[in-house]
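Engineer: So the sequences go chain by chain: F and V. Here the first sequence stands for residues 1 to 548, where the numbers follow the numbering used here. Here the second sequence stands for residues 1 to 547, where the numbers follow the numbering used here.
One should not assume that every hint holds.
Stated by the list, open to error - Reference listing, derived: stretches of chain V covered by chain F, where coverage requires no fewer than 3 residues with Cβ under 8 angstroms from a Cβ of chain F:
(1) 71-79
(2) 319-328
(3) 338-346
Unchecked claim - With the Cβ distance kept under 7 angstroms, some of the chain F side facing chain V (calculated, not the full set):
(4) L67
(5) L331
(6) M539
(7) A543
Stated by the list, open to error - Quick list of simulated restraints, FRET-style, between CB atoms:
(8) V/R362 - F/G72: 44 to 54 angstroms
(9) V/P66 - F/M539: 46 to 56 angstroms
(10) F/A77 - V/P169: 31 to 41 angstroms
(11) F/R98 - V/R362: 52 to 62 angstroms
(12) V/E231 - F/E53: 27 to 37 angstroms
It should be emphasised that the hints constitute simulated quantities derived from the structure, not laboratory data. We treat Cβ as the ideally placed atom computed from N, Cα and C, and that holds for glycine.
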Amino acid sequence: MRAGRGWAATAVVLGAAIVTGGSLLQSQAIDGVSNATLFDLVHRYVAERYVDEVNPDSLYEMAIDGLLVELGDPYAAYIRGTDDGTLLSNNYGGVGMRVLAGEDGISVLGVIPGSPSSRLDLEKMDRLIEVDGESTLGWDQETAVNALRGPRGEPVEVLVRRDGVAEPFEVVIVRDEVHLDATRSVLLEGDVGYVRLDQFSRSSAREIEAAIDRLLERGAKSVIIDLRWNSGGILPEAVEIADLFLEANSPVVETRGRDPQDNQRFTAPGPDRYPGLPMVLLVNGWSASASEIVAGALQDFDRAVVMGSRTFGKGVMQSVFPLPGRRYLRLTTGTWYTPSGRSIHRERNLESELGSSEFNQAVVEAVELGLADAPMRSPVAEADTTDRQVFHTAGGRRVYGGGGIQPDILIQPDTLTTPEQQLRAAMIEAEVSLSDLSLRFAVDWVRAHPGAKPTQVTPEIRRQFVDYVQQETEGVIDEVLLEEGSGLVDYRLGSQLASIAFDSEAELKTLIDGQREVQDAAALLRAAATPEQLISLAMADAAGTSGG
Amino acid sequence: MTAMRRTGTMRVYRTTVAALVAMAGLAGGGALMERAAAAQEAEAFDRAQLRRVTQIIEQRFVEPLPPDRLYRMAIDGMLGELGDPNTRLVDADSATNLEITITGNYGGLGIRVQQVGGWVTIMSVISGTPAEREGLLTGDRIVGVDGASVAGWDEARVIDRLRGPVGDPVTVQVARIGLGEPLDITVVRDSIHVPPVLAYRDEGNVGVVQLTQFSREARDELRDAVETLIEEGATRLVLDLRGNPGGLLEEGVAVSELFLPRGSAIVSTASRVADQNVEYHSTEDAAFPDLPMVVLIDGASASASEIVAGALQDHDRALVIGLPSFGKGSMQTIYLLPGGHHLSLTTAAWYTPSGRSIQRERDENGLPLTPVIPGETGALRGSVPEPADTTSREVFHTAAGRPVYGGGGIVPDVLVRDTASEAERHLGAELQREALSIRQLAFRFGVQWTGEHPELEPHFTITPEMRAAFLELLRTEGVEIDESTYEAVAPLVDRFLAVQLANTAFGELEALRRSNQGDVAFEAAVDRLRAAESTPELLEAEAAATP
Numbered sequence: 001m002r003a004g005r006g007w008a009a010t011a012v013v014l015g016a017a018i019v020t021g022g023s024l025l026q027s028q029a030i031d032g033v034s035n036a037t038l039f040d041l042v043h044r045y046v047a048e049r050y051v052d053e054v055n056p057d058s059l060y061e062m063a064i065d066g067l068l069v070e071l072g073d074p075y076a077a078y079i080r081g082t083d084d085g086t087l088l089s090n091n092y093g094g095v096g097m098r099v100l101a102g103e104d105g106i107s108v109l110g111v112i113p114g115s116p117s118s119r120l121d122l123e124k125m126d127r128l129i130e131v132d133g134e135s136t137l138g139w140d141q142e143t144a145v146n147a148l149r150g151p152r153g154e155p156v157e158v159l160v161r162r163d164g165v166a167e168p169f170e171v172v173i174v175r176d177e178v179h180l181d182a183t184r185s186v187l188l189e190g191d192v193g194y195v196r197l198d199q200f201s202r203s204s205a206r207e208i209e210a211a212i213d214r215l216l217e218r219g220a221k222s223v224i225i226d227l228r229w230n231s232g233g234i235l236p237e238a239v240e241i242a243d244l245f246l247e248a249n250s251p252v253v254e255t256r257g258r259d260p261q262d263n264q265r266f267t268a269p270g271p272d273r274y275p276g277l278p279m280v281l282l283v284n285g286w287s288a289s290a291s292e293i294v295a296g297a298l299q300d301f302d303r304a305v306v307m308g309s310r311t312f313g314k315g316v317m318q319s320v321f322p323l324p325g326r327r328y329l330r331l332t333t334g335t336w337y338t339p340s341g342r343s344i345h346r347e348r349n350l351e352s353e354l355g356s357s358e359f360n361q362a363v364v365e366a367v368e369l370g371l372a373d374a375p376m377r378s379p380v381a382e383a384d385t386t387d388r389q390v391f392h393t394a395g396g397r398r399v400y401g402g403g404g405i406q407p408d409i410l411i412q413p414d415t416l417t418t419p420e421q422q423l424r425a426a427m428i429e430a431e432v433s434l435s436d437l438s439l440r441f442a443v444d445w446v447r448a449h450p451g452a453k454p455t456q457v458t459p460e461i462r463r464q465f466v467d468y469v470q471q472e473t474e475g476v477i478d479e480v481l482l483e484e485g486s487g488l489v490d491y492r493l494g495s496q497l498a499s500i501a502f503d504s505e506a507e508l509k510t511l512i513d514g515q516r517e518v519q520d521a522a523a524l525l526r527a528a529a530t531p532e533q534l535i536s537l538a539m540a541d542a543a544g545t546s547g548g
Numbered sequence: 001m002t003a004m005r006r007t008g009t010m011r012v013y014r015t016t017v018a019a020l021v022a023m024a025g026l027a028g029g030g031a032l033m034e035r036a037a038a039a040q041e042a043e044a045f046d047r048a049q050l051r052r053v054t055q056i057i058e059q060r061f062v063e064p065l066p067p068d069r070l071y072r073m074a075i076d077g078m079l080g081e082l083g084d085p086n087t088r089l090v091d092a093d094s095a096t097n098l099e100i101t102i103t104g105n106y107g108g109l110g111i112r113v114q115q116v117g118g119w120v121t122i123m124s125v126i127s128g129t130p131a132e133r134e135g136l137l138t139g140d141r142i143v144g145v146d147g148a149s150v151a152g153w154d155e156a157r158v159i160d161r162l163r164g165p166v167g168d169p170v171t172v173q174v175a176r177i178g179l180g181e182p183l184d185i186t187v188v189r190d191s192i193h194v195p196p197v198l199a200y201r202d203e204g205n206v207g208v209v210q211l212t213q214f215s216r217e218a219r220d221e222l223r224d225a226v227e228t229l230i231e232e233g234a235t236r237l238v239l240d241l242r243g244n245p246g247g248l249l250e251e252g253v254a255v256s257e258l259f260l261p262r263g264s265a266i267v268s269t270a271s272r273v274a275d276q277n278v279e280y281h282s283t284e285d286a287a288f289p290d291l292p293m294v295v296l297i298d299g300a301s302a303s304a305s306e307i308v309a310g311a312l313q314d315h316d317r318a319l320v321i322g323l324p325s326f327g328k329g330s331m332q333t334i335y336l337l338p339g340g341h342h343l344s345l346t347t348a349a350w351y352t353p354s355g356r357s358i359q360r361e362r363d364e365n366g367l368p369l370t371p372v373i374p375g376e377t378g379a380l381r382g383s384v385p386e387p388a389d390t391t392s393r394e395v396f397h398t399a400a401g402r403p404v405y406g407g408g409g410i411v412p413d414v415l416v417r418d419t420a421s422e423a424e425r426h427l428g429a430e431l432q433r434e435a436l437s438i439r440q441l442a443f444r445f446g447v448q449w450t451g452e453h454p455e456l457e458p459h460f461t462i463t464p465e466m467r468a469a470f471l472e473l474l475r476t477e478g479v480e481i482d483e484s485t486y487e488a489v490a491p492l493v494d495r496f497l498a499v500q501l502a503n504t505a506f507g508e509l510e511a512l513r514r515s516n517q518g519d520v521a522f523e524a525a526v527d528r529l530r531a532a533e534s535t536p537e538l539l540e541a542e543a544a545a546t547p
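Take these sequences, add in the hints, and give me the full structure.
Structural biologist: Here's what the structure looks like:
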């Protein structure tokens with residue numbers, strides 16, 4: 001035992017040090033040594049002696065990441081090398097197209113008005129067969145998107161094949177800031193206006209205002225604002241949106257933190273822009289944060305009827321702190337309260353929820369591909385208000401604290417039939433997406449039927465789709481599964497066909513036509529002439545529901 | 001059965017091969033790291049970044065946190081991000097536990113405790129300690145310490161309260177079966193030595209030594225115990241390392257030295273720093289060069305246990321029997337920090353003499369990523385020897401050329417796996433449903449029965465009355481079990497009752513003897529030892545038996 005004795009000797013000496021150290025410890029106490037000093041020592045030991053080599057500077061980054069984990073703030077993050085712009089608004093350097101990559105190149109699904117692509121007269125259903133001289137055949141979606149995106153002002157060269165034009169032609173697009181309009185609107189039957197807001201960005205209030213004004217010009221007598229799937233965004237924009245509908249100086253939201261600068265009362269600066277306009281806000285379990293601020297304020301002032309399912313319950317706010325080196329710290333700095341004084345925050349294990357494949361699948365399908373309201377399980381258990389603190393609106397109605405915004409009228413989202421669930425499970429198992437297959441099929445179908453305007457999925461179209469899916473999945477998703485789950489198939493396929501074949505408004509109308517929440521909201525609005533009438537109808541409806 | 005081993009609840013550092021290194025090493029340590037100016041700049045930048053982040057959190061985070069606490073969280077966070085469960089900062093107040101691991105000594109009473117049915121209960125009393133002198137008994141429930149109730153406290157909190165400076169008195173209030181009123185017993189704390197060795201000779205010539213941890217005097221105590229056994233007539237040895245979580249590296253080396261010729265390689269360590277790249281060789285003549293021996297291991301045999309098993313296996317010095325061991329092939333160094341804190345840092349990997357690392361990769365819950373044998377967990381008893389899955393593992397060779405395997409713990413030469421019968425699985429599921437364990441219930445039964453039957457003899461057998469009384473206890477606790485199932489699990493129940501009755505009435509050694517009776521691994525060891533005159537004969541017989 002060559003080294004053994006030497007080691008034993010060292011150990012004995014130190015063993016003694018521990019024993020005497022014990023009593024020293026009590027007199028010196030912990031405050032004798034700051035944890036900052038301790039940190040430096042630990043850092044150095046790890047950097048110099050840990051069994052695997054670790055970069056000393058990356059150890060500090062690990063310390064920052066680890067510290068944020070230890071904080072237990074699910075929204076805290078140390079963000080590296082991101083441009084401030086992308087963090088807070090949806091402007092990026094791009095060409096302004098929605099695209100789908102496939103075996104036969106990149107198909108253009110839509111061109112954003114006012115974008116570089118629209119200025120160059122690129123069209124829906126154009127095919128980009130080369131980007132910067134490279135063939136795009138067989139590219140995946142990520143490669144396609146990355147190739148088209150880039151710094152503002154930098155050109156990208158695309159070779160375009162267009163149906164009806166003999167030869168492919170070249171277009172040079174100079175990337176620019178692309179502004180995505182986060183609102184989409186349509187006038188429904190019975191003069192009910194419908195505005196959907198997908199997220200809160202810097203211009204959302206202006207966009208909503210413009211959309212409502214357009215709808216009013218076309219004769220709208222009431223309006224639905226759809227905040228389903230809207231996971232929030234920046235706080236001031238939520239205040240501005242609420243301000244559109246509230247009287248001057250009405251409180252909208254109050255934030256409270258530990259630092260005085262986090263204690264703020266936000267009030268509506270201007271008068272109600274639309275006095276007397278009956279309104280319904282649609283929400284669901286993925287309406288969060290800024291969506292909940294708007295819903296909470298309009299509910300507390302009896303200004304709108306909130307319909308749908310219980311919201312997410314994110315009642316805390318984050319601040320983003322810029323740090324040197326293009327890094328940012330996002331940190332929860334306060335809790336916010338609605339005008340009646342309630343916090344709607346719900347404690348949850350965010351990580352496990354976000355980690356579930358069901359969630360990811362649903363969000364990918366519903367949000368990224370622009371499909372509102374994929375029928376799915378609501379993330380929030382429904383509506384037990386018994387244990388919740390009661391608050392009152394300006395008009396004296398009962399509302400509840402904690403656990404998200406409780407809608408005035410609860411609508412369970414449509415649930416899938418058993419065969420539909422089986423189809424969905426089989427698709428998840430086979431790692432294919434019905435939305436994606438529908439979209440690819442729709443692109444091919446519309447190309448093959450120029451000028452056709454499919455308003456519904458005919459038996460012939462479905463027949464072709466079933467063949468297509470069986471072929472794409474090598475028979476894993478078979479005819480029986482697809483026929484028995486035809487309700488879900490028709491819904492998805494119909495939405496995608498509409499999105500390719502129609503302009504934006506017609507597409508939106510097709511999309512929401514089958515949605516129970518929208519239909520119920522429109523029916524309620526058609527029956528009410530004033531906001532007051534709407535509220536009493538809603539109260540009667542809710543009483544009827546709970547009584548029955 | 002490893003009944004008694006699990007009662008060692010006072011040990012915190014279960015898997016530490018601890019090697020102590022002086023703080024002085026740090027002062028000169030900077031010279032080791034010659035870094036370019038750019039790297040230093042990057043480090044300074046990130047260091048400042050951490051300071052900014054803590055300042056922002058301190059001022060703005062929604063919950064108030066003292067800044068100093070933030071640095072502690074940064075330490076834990078940084079170490080957590082390393083992804084090594086053995087690298088962590090140990091607080092000053094937990095440091096005494098570390099000392100116990102290293103020295104086996106502490107200022108206390110001399111009892112092992114565990115929470116049973118909501119109360120911290122004395123599981124055994126160590127002989128020669130103040131607890132034994134003042135009359136504390138196995139089965140006593142601790143209800144108060146120094147006049148304060150400890151209702152609802154967990155073991156760690158009670159242990160913390162019981163420990164203290166040597167010479168200071170502590171008054172323990174205990175509830176004892178058969179006494180109407182709780183009893184106040186004042187005990188003067190003494191330096192308690194937890195003996196790591198239990199030894200006895202079986203009816204024949206086989207000496208049995210159980211080593212429970214590698215504390216500082218492990219080698220000396222083991223040598224004394226084996227010498228005594230030989231004097232009493234033992235000519236063969238079972239060294240039982242099952243459940244032994246390890247301890248000091250040097251003691252692992254020293255224990256191996258007892259059995260290996262001078263100059264034998266024992267273990268080598270590899271690290272990034274020169275002072276921890278060490279090859280350990282035996283520097284003494286073996287105390288027991290020729291004693292035929294079997295080493296018993298299981299999935300809880302770790303670190304220093306694996307050094308011993310690996311060295312003896314590689315030198316063909318012992319037949320290794322049992323289950324694949326834990327697989328801890330890394331070494332930690334404990335650094336003393338100001339304020340009484342300790343940093344346990346993984347600084348090296350170690351290798352057996354044949355050059356294998358037995359490190360087993362685990363997921364974040366500590367579960368092995370690749371089980372060595374199919375369904376390698378949750379067994380009760382029964383014998384199903386089957387080959388370990390060694391197909392994808394690197395092969396090494398012992399001195400005599402036998403194949404041994406890298407990764408995934410020490411694979412025993414003879415794999416003995418326990419399996420449960422259907423009736424036993426039923427009982428297990430029933431107990432689990434009620435959140436009970438058969439060992440705890442048997443312990444309660446043992447305390448009750450011994451209290452009521454002081455006439456129990458050391459050679460007692462389990463009687464139908466005992467069995468019936470235990471069935472009644474099971475049913476009182478809500479365990480649903482019919483007569484025929486109970487009949488079918490009788491051998492299992494009998495062994496648990498025997499072990500716990502022996503423990504309460506006659507102490508740890510008697511309990512160990514009972515626990516080994518009918519134990520499949522133990523009996524496999526004894527059978528083979530009786531049939532062989534030397535270790536080479538043991539190994540040859542095994543080679544002949546396996547196709």
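Engineer: Are the hints correct? Go through all of them and say.
Structural biologist: To see whether the hints hold, each was checked on the structure:
Residue count for the segment 71-79 of chain V with a Cβ under 8 angstroms from a Cβ of chain F: 9. That meets the three needed, and the coverage hint holds. Interface restraint, the segment 319-328 of chain V with chain F: violated (0 residues with C-beta to C-beta distance below 8 angstroms; minimum three). Counting residues of the segment 338-346 of chain V whose beta carbon lies closer than 8 angstroms to any beta carbon of chain F gives 7, which meets the minimum of three for the stated coverage. Proximity of F/L67 to chain V holds as hinted, the smallest CB-CB distance being about 4 angstroms (cut-off 7 angstroms).
Residue-level restraint check for F/L331 holds (minimum Cβ-Cβ distance to chain V is 6 angstroms; threshold 7 angstroms). At its closest, the beta carbon of F/M539 sits 36 angstroms from a beta carbon of chain V; the interface hint therefore is violated under the 7 angstroms criterion. Interface restraint check: F/A543 against chain V, minimum CB-CB distance 38 angstroms, threshold 7 angstroms, status violated. As the Cβ distance of V/R362 to F/G72 is approximately 25 angstroms, the hint placing it in 44 to 54 angstroms is violated.
Separation of V/P66 from F/M539 is about 49 angstroms and conforms to the stated range, judged on CB atoms against 46 to 56 angstroms. F/A77 and V/P169 have their C-beta atoms about 54 angstroms apart, which leaves the hinted 31 to 41 angstroms range violated. Look at F/R98 against V/R362: about 45 angstroms separates their beta carbons, and that is not inside 52 to 62 angstroms. The hinted range of 27 to 37 angstroms is not satisfied by V/E231 and F/E53, whose Cβ atoms lie roughly 53 angstroms apart.
Consistency with the previously given hints fails for numbers 2, 6, 7, 8, 10, 11 and 12, ordered from lowest to highest.
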